[in-house]
Amino acid sequence: MNRIATLIKQDLLLSWRNGLVISTAVLLVIMGACIYLLPESFDVETAEFVYDASSDKAYETFLRQNGLSNANFVESEDELVAVLNDANQGFGVIYEGPVDDPRITLLTVGNLAEENINVALATLDYSAAVMQGKTLPDQYQIRLLRPPSEPVPVNLNFIPIAIVFEVVLLGFMFGAVMIFEEKQEGINRALRVSPMSTMDYIWSKNILFLAMGLIYGGVLIFLALQFRADYGRILLLIALTTSMMTFVGLGIAVFFNNISEWFFIGVGVLIVFNLPVISYALPTFMPGWITWIPSFPILFGVREILFPTGQTGFYLPLVVQLVIYNLIAFGFGYLAVDRKLMKAG
Amino acid sequence: MSLIEVKNLYHDYEGQGEYAVNDVSFAIKKGEIFGFLGPSGAGKSTVQNIMTGLLKLQQGQILFKGESVTDLKSKFFNQIGVSFEHPNLYSKLTGFENLKYYGGLFQVPTEDPQKLLEMVGLQGAMHKRASDYSKGMKQRLVFARALINNPEILFLDEPTSGLDPNLASTIKDIIRRKQEEGATIFLSTHNMYIADELCDRVAFINEGVIMALDTPRNLKLQHGQKSVQVEYQENGHVQAEVFSLEKEADRIRFNNLVNTKHLQTVHSQEATLEQTFIKVTGRGLS
Ligand SMILES: Nc1ncnc2c1ncn2[C@@H]1O[C@H](COP(=O)(O)OP(=O)(O)O)[C@@H](O)[C@H]1O
Ligand SMILES: [Mg+2]
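As you go down the protein sequences, you meet chains A and G in turn.
Residue numbers are given in the working numbering: position 63 of the first sequence equals residue 63, and the series is strictly consecutive.
Residue numbers are given in the working numbering: position 87 of the second sequence equals residue 87, and the series is strictly consecutive.
Okay, chain G solo, but in the shape it has when bound (with noise of 0.2 Å):
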């Protein structure tokens, strides 16, 4: 059973004909992590925007457990939480008056500030004023933001983008573990890494369409090229050759190799995500 479900989403910023969302469709399991993975400009934050009701639904449908979310309001909008790509605080306040009062906006039990900032290792800047915070810091006060309710579904917009390694990591542990409480959780990502460690399933999307959809595992299989990097001996010196499984002449020569030369080093080779993403798409991620 989907939680979520959308069909045949559109969008036409201009009302030009050009659409920054062209005819996609996607549903969205109970409990999983469902990744938007795709460049800069690709329709990612339009299409979370659409569905947590910041634009306007212009074209196609949106279901939260069958209903039409434009039908939903505060009863919805207490279930949800959402992390923006651009950080939006009150400058004026503290981390901590930013969460407490934000709460304060909810009809369902909500989490303790203290502990939030503290899980986003904020608890030194807890009482500075968000004007004070750095980009990355503003970026995890916007993410425990959206936490505070405790909500059945997140909406995250490049949640680790401008983090360090450590803090980035920090918060894929507690994307997980609010996934283990429950939580059903969109992410929008150009990094394929976090796509690929996070996601349940990944879509790929590039100017607006949906190129492929599944699991990171299938997608890599299906459409990534499979490669044998191979070190061996001759003639007093180490060589290294990549072969790629699905050409027959490449084949043919690792074959040859293997029965006539010494191989120090045999690696099986998956393709990246990114490098999936290339084959799907025609292009990168950045």
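If we strip away everything but chain A, and leave its shape as in the complex, we get (with noise of 0.2 Å):
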């Protein structure tokens, strides 16, 4: 134990000299700066004006009885067609005669979605017809499985990204700079004849990576959600992540003289950890291979504790999943770095 808590000492006074918590602390600054600096929401105002060109007016009163107040309504098509113009996204209803036979005009500016249009199309038959006092089937019906979900605000939304690319590139990459410098210096000659051995060698670095990678995890969630995240579970998310990150990391680095050799296979793997982003952006984007790749579902696990959408029972078989990743990477790591570091002639 006493020699763990050297070697942790020894590796973090070596971290600070080699940039390394400094970079963190940076890229900490950086996302902290994001959370403030991105707006909650880029929702554009969707303007809707109303010209009922009736002369009984009922369209109008209609509306007026269902919640649309004067601003809504516009006296002449050539008014309508000025205020929508001065609008940057919204659309205009020209209402014309008799309540049995209607004639409704629907005029769009700006990028209006096609579902916005069908929505706005359908409330209009639908309005004219409760307008003729027909009652409607129930034919379409919404029913919720779930309570709704608060949208997740635009400047929150990247906070797993963040989280989840910081710890895969911490555990993975500072184990491999930290060993490539020793391996320059020859340091492993001296640390072999001395009564260290591998478990002290894996599990001192592991441990400080894991501590890096909670504090970086915790501060950042902190400053986007204070007090209404449960920090329990994502953070023992973190820790599984950094942990098996780190063994995969020492395991691969061990291999290579310098970064300049790991390079290519490094950032190949770094790139791999960071493909299921591309599903979170894009939730289109979902092939099956990629929910393979382990940080898909730690991607989506962070998401879905810090934003929940009401799904239950991942959160079990996730840390299952990731307690098994960890013994194979601690298995591999182990090997690599007893065989390659500890024994190598």
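No wet-lab data here; the hints were simulated from the structure.
Keep in mind the model is a prediction, meaning the values are calculated, not measured.
Relax, there's no trap hidden among the hints.
Pairs of lysine-lysine, DSSO-like flavour, derived with a Cα cap of 30 Å:
| hint | chain 1 | residue 1 | chain 2 | residue 2 |
| --- | --- | --- | --- | --- |
| 1 | A | K340 | G | K7 |
| 2 | G | K115 | G | K30 |
| 3 | A | K183 | G | K100 |
| 4 | A | K340 | G | K92 |
| 5 | G | K7 | G | K29 |
| 6 | G | K92 | G | K128 |
| 7 | A | K183 | G | K73 |
| 8 | A | K9 | G | K75 |
| 9 | G | K7 | A | K343 |
| 10 | A | K340 | G | K73 |
| 11 | A | K343 | G | K73 |
| 12 | G | K220 | G | K172 |
Over 12 Å on every C-beta distance to chain G, these chain A residues come out as not near it, computed from the model:
| hint | residue |
| --- | --- |
| 13 | F62 |
| 14 | L214 |
| 15 | I271 |
| 16 | R303 |
| 17 | Y315 |
| 18 | Q321 |
| 19 | V323 |
Don't be surprised by glycine CBs; every beta carbon is placed ideally from N, CA and C.
Two chains, each in its own frame: build the complex with the hints.
Written out as structure tokens, the structure is:
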């Protein structure tokens, strides 16, 4: 224990002087700044205007009963066109004719999504029918399977990516950086004639990076959500991820002598581990294989914990999966470090 | 009773039948300074590295207090101190930090880093990073690190190479003091003076083979040429001549000189360890 404590202190000092601690802190500051600098939403106000050209203004009356106010009504078609042109985005309705045979025209400006236009048309159909006193069959119904979730604010949506990306990088790359420096200095020959064991070596680095990952993740989540997050569950995921990536990172690094030899493999692994970010940003991109990348369930697990959509039962299987990955990664990391770093002639 | 026994050690780096160490056997007694003397490439570091477990034991046996070192692990590593030919340090740590953290790896009581640094003359550079040290300073720091756990056995690979005579003599004094405190020392060097002055016994090693093994004095007596250097007056000039006492013709001429001339000085010349080495192995130390 004393030996591991010594090694952790030494590794901490080295990562401080290496700039690894500082670069983590800088990244944290940048991510924290994004939370405050990004808007909470990119939504553009959609304007709605109605010109009721019928003689009895039946449509206007009906809409007023249903919550529209003066601001929504104009007195002529020209005025309608004018106010719509002033708005960035919106639609206008021209209502003509008698109640039993109305003519309804929809005018749009801006980048209205097709879905929104369809909804608008359906609403017009529906309101015309109601005005005619028809009762519609309950053909269309919405049942909520879960209570609706709050939409994730834009400035927080990237937090799961910022956490998983950094934690993967930290575990995988920092260990490699330290191994290459030690190899260059030949220090492992000195370590090998001391009572230090391979276990001491691996765990000291693992515990240090784990602590760094937890502090980084914890602070970032606090900046984003203050006390509204389930810290226990999220920090356990972060710990398991950092630890897994540290084992893998150490295990791979020992096969190389310096960053340039390691570069293609190392960066390749990092890219693969970050592919699920694409699915996160573009939910339509979700090929089956991408779900097999260990960071995939982590990324979506982190999001579900931070911004719950009401999914339940995903957490325990995810933890079990990560514990299994950790065991495999540890086995690989231990054997590789022991054979290639601690025993090689 | 031998503390360390090395039996029939072989080492082949490339696996192609070229032995860097070839059937080497020796035993180190508790409390002695045992030296390996040989030129660069003779196999000294290879033997030390096998003994400390840095190189795999391919063939042969190494016993520490009768137990094979391959079975000893951390117990063994708590009792040894190793100084390397090529300094290996955390360049981003200071001298003090290098010793402090290395000391933290041992389960036995360790020395005060500051005291060790003072001993090797690094007190002024204690809080400088090792990357700012000169080669000689690094060498001394590695030497000091080898002492951190008060080791029972010290493995010293070229401990004074690259040091100026003053510092080399400081290191020699420390090695002697460690011996007085009971440590056993295995020392490799290509420097005949170090071997001669420090070692209780010396093995001549060349091309991976031990060619001779004895006390420096015996080696010189057995293998060195005893000779006499004489100065005498002749025709108003001082003449000097060297006679080998092992050559019949030289002895007769020397006797003649003693009987017929007025000798001014007579010096018996013992062979140096290097001359002895050359005689035994057919090559020099450099
Ligand atoms: N890592 C290595 N790979 C291959 N050959 C080596 C290696 N290290 C040393 N040798 C060879 O082994 C022989 C003994 O080297 P070494 O033990 O370093 O000698 P010394 O310490 O006496 O100078 C030399 O011929 C050297 O070239
Ligand atoms: Mg050598």
